[in-house]
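Chemist: Using the sequences provided together with the hints, build the complete structure.
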Amino acid sequence: MTSADGHGQVPTDEQAARWLDESIEGLRRERPELSASVVLTRRQQVTLAILLAALGALGARWPQATVVVALAMLNLVYAAAVGYRVKLARSSFHSVEDRSPGVLHVSDEDAMAIDDADLPAYSVLLPAYDESDIIAQLVRGVGAIDYPRDRLDVQLLLEADDYTTIASAESSDITSFARIVLVPPAEPRTKPKACNYGLQGATGRFVTIYDAEDRPEPLQLRRAVVAFSRADPEVACLQGRLSYHNATQNLLTRWFAIEYDVWFAYLLPGLAAVGAPLPLGGTSNHLKIDVLRRLHGWDAFNVTEDADLGIRLARYGYRSAVLDSSTSEDATSDLVNWARQRSRWNKGYLQTALIHLRRPWRLYRDLGPAGMLAFLLIILGTPITSLLNPVAWLMTLYWWMGNPSFIAAVFPGWLMYLSLANLFVGNFATIYIDVLALRDLKRPGLLGACLILPLYWVLMAVGTAKAFVQILTAPSYWEKTMHGLTDSAPRP
Amino acid sequence: MPDDTAAPSPRVAPAEEPARRQAVRFVRGHAELGLRLVAAVILVAVAGRTLFAEWTAALAVSSPYRALGTVVPAAVGVAAWRQLCRPDELAVNDRHVDAITSIGTVAVAVALTSQLSPRLRDLAGAARLDVLSGPLLLFALLCALFGTRPTWRHRHAIVLTFLAWPLPYNLGASIIPAANFGWWILSVILTVATVSVMDAPGRRGALGGAAGLLVGLTIAQVRNPLGGPAALIASLVTTVILARLLRVSWLRLRERPRAIFARRSLPPVVDESVWIAPLLVAASLVAALAPATPNPQLIQRAPAGSVGATGSPACPSLTGWAPTGSARSGQPNEVDSLAVLGCRYRNTMTSDPPFMEVRLSDPVPTSTLVQFPWESTNQVIGTQQPTVQRVALIAGVTGWGLVFDDASRPLTTVVVTWDWAMPGSHHSLARRVSVIMNDDPRPDSPFPTPRFHLASTLARRLQQVLRTNLTRSVRYQVKAKNLPAAVAAAQAAAVQLAAPASAAP
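Sequence order for the protein chains is A and B. Residue 404 in this note's numbering is what sits at position 404 of the first sequence, and the numbering runs on without skipping anything. Residue 984 in this note's numbering is what sits at position 492 of the second sequence, and the numbering runs on without skipping anything.
Since the hints were made in silico from the structure, they are not lab data. Treat the hints with caution; some may be incorrect.
What the hints assert, rightly or not - Part of the chain A face toward chain B, derived, beta carbon under 7 Å:
no.	residue
1	ALA57
2	VAL336
3	ASN337
4	ARG340
5	VAL462
6	ALA465
7	LYS466
8	VAL469
9	MET482
Stated by the list, open to error - Listed next, the in silico SDA-like pairs over lysine to any residue satisfying Cα-Cα at most 25 Å (straight line):
no.	chain 1	residue 1	chain 2	residue 2
10	A	LYS87	A	LEU74
11	A	LYS87	A	LEU76
12	A	LYS288	A	HIS105
13	A	LYS288	A	PHE177
14	A	LYS442	A	ASN427
15	A	LYS480	A	HIS245
16	A	LYS442	A	ASP324
17	A	LYS480	B	ARG587
18	A	LYS442	A	LEU453
19	A	LYS480	B	ASN585
20	A	LYS480	B	VAL600
21	A	LYS480	B	VAL651
22	A	LYS480	A	ASN250
23	A	LYS442	A	THR248
24	A	LYS87	A	LEU71
25	A	LYS288	A	ALA144
26	A	LYS480	B	ARG641
27	A	LYS87	A	ASN427
28	A	LYS480	B	LEU582
29	A	LYS442	A	TRP263
30	A	LYS480	B	TRP644
What the hints assert, rightly or not - Residues of chain B placed beyond 10 Å of chain A at every Cβ, according to the derived structure:
no.	residue
31	GLY569
32	VAL570
33	VAL651
34	LEU652
We put the beta carbon where it would ideally sit given N, CA and C, even for glycine.
Modeler: What follows is the structure, given as structure tokens:
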């Protein structure tokens, strides 16, 4: 099934079938309540139906009061989500000397000080699908990792029927340091399924994932090894920082870069600092492989398997931390491509929220109050607030244009002031945090784009609306993001 | 790796094609493009023949606005140019994104159309509600029909249509007879149809374009009982669905033999976007059929001595018609009567010619369509060149007086029109008040006979569907002989309407 070069395990047909079964069914078989193979359980469906019916009945009986209460609740959710993000970011602002407690730093000297013979075996999974054009980029990026080759277990995970990418890979230099693993075609065709397949034959003590277009910092694996050795034993995952090398390609990439910078440099460390679960990024998360196997790997049916894994780690009592090492990626520079990617992310957040909220009390006991708050406001709050934004703006537009009576009726004074506070203070605070972050990160080139971020939120709403449609129609469908749309040189 | 599971060999990339073959492809590509352009021109020329005629006529009049008559054709030209210069684009498209973008844009367009403050809407005597909503509607249509990417490619053409804002509206329409909202909307549909033909090659594009055009023309001819926003949404959805059905049906028709041979399934005729349509149409129906609420201010001003009261469940206080003493006493020899008609239902007068009409669509949501000869008269007026002057009505209120001398008949028609806003927080209750007078001496004569032709009919219908019911208009038609008489009647009407609204700007 694979063309091995001496590393890893070459599965027989029987093994391949077993691996595939484990990749798809492992989590569903062992912990079905944590699998996204079913988004809404029967119990959730009934609960949702009862809630909707109750809402409908209340709306029919007291329409105005019902709408007022619903709007008030949504406003509170919005205010809480914004306030929480501000709090997280505020806790992470730091100078170079006063480092954030949520980030693990390993200096270059410390990373290089460890002897090659003492380094553990490290598995690197490179899932790729329909990426024939950027195999060369993959070779450059991952090939530059500074780690003893005999300790590296690099697997390029390709779908067995992705012939063009296979051909491109076979004709490239990647076979000099990686083995090509062909994942048998099977539904769902998702990245986590491929990663699970690679996990079966992985030989490292740690494992990490890179996307095809990633350019990890060369010392990242060494830093991760040192950080794991220094961290508490319950730290099972280190999330590297992600950034974009084509941030200035166009306005969309500028916005995207701002979002990533704030997320990975401030919000994730903030979450780590308060002991909340980390919604992991899609790549550069370094995991202890035995822990990952104990958790049955990634959820093959979840389209943000990374965020879901972060929550599951926390529920099993493990912690995640942020590693101060960056991986440079391609920000998608095309609007439709971006919208599809964003829809997948938000759909995955919704999936993750619905799965873990099947037993809310159990989730609360697993995560604790801080973790539960983070879960609700980040995992569930992100898609909801993203979808709420345009609705709120449209209502504001209506009000400014014509003062229609129906808006006056459902916005009593106290609610109007709360809404206005959300509109002006909330949005201002979000932009202000981003401006501060850019200043802190010394990226003045993105300030202009930062000031018009509300336009980006409009685009986000498009992606989120698509996510809400797809969570009903195709919950596990993986919206493929096309990479390699930039010709800019990587940032030095 | 076991051999039996090895990946099939990838296809070897073909060697570079000989120059001759490339040349053939180049010529063939251009021939196809030429055919598409010819098809587009024919489509536009045949369907819009009268539009071109009116456009030419519009350019001939001596008006500062006449140059704006070129804006929409220029937009079509820009769209064609962008199509010709189409750069290599990503083949990443998403129907969900297209639909969401389209629906969101329509929502904003409807918001602008139905709620824009009169202070903006009626600025400079030209209602501007379509400054934004028109181009947004065009954007939404293109998005729904062809997708976000082609729409973005044609953004320059769409932006250009912002310049056409004086075209649709009353003053501009009075000065440039051919330039009215319907004309503009038809141009938009033609733009869409043209882009369709050029964007999708061959018959599929033609079908899509023809579908858009067909739906536009059909909707224009149907007296739509729904309100403006509802009709807007319904027309958009219908256009999208029909275009897609035609396209996919054509695909199935073409592919069926091959599919049977290859034993593979064909794409469904109805894709998932169709399920959005019933929701939107249902929402539109609910909005349009919502119970009407009479305007209390107007009820208070209903003449106390109304005669011929007929009553109405929807609007019991606004009934029948009533001569108004103020107007009569002001110019007893020249103004015969002034009457008020109720809201939401047709004129109930059967014995008297409807020489006066007040249309109250506010706050009744976009449901009143009263057909009177006035509409026809408007078209006759619209083909004349009036003399225009500013007239003082009451303190702080001035209007435009337009005098039309109909060369074909011994008639003089006078229109006095002005706008104001009602007081209070709901200042969206703006009214366009028109007093229209005609000196036809025959007691039972209607207003001038309508002149039916394609453009005016379509323009009128589309105007009714898409705009008229959204403007809170009050119209009077009276018999009069000259501008002073009309002004006097207008003053009386202004006094009457403004009395409870003295704080109006």
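Chemist: Checking each numbered hint in turn, tell me which of them this model violates, lowest number first.
Modeler: Of the numbered hints given earlier, those the structure breaks are 1, 20, 21, listed in rising order.
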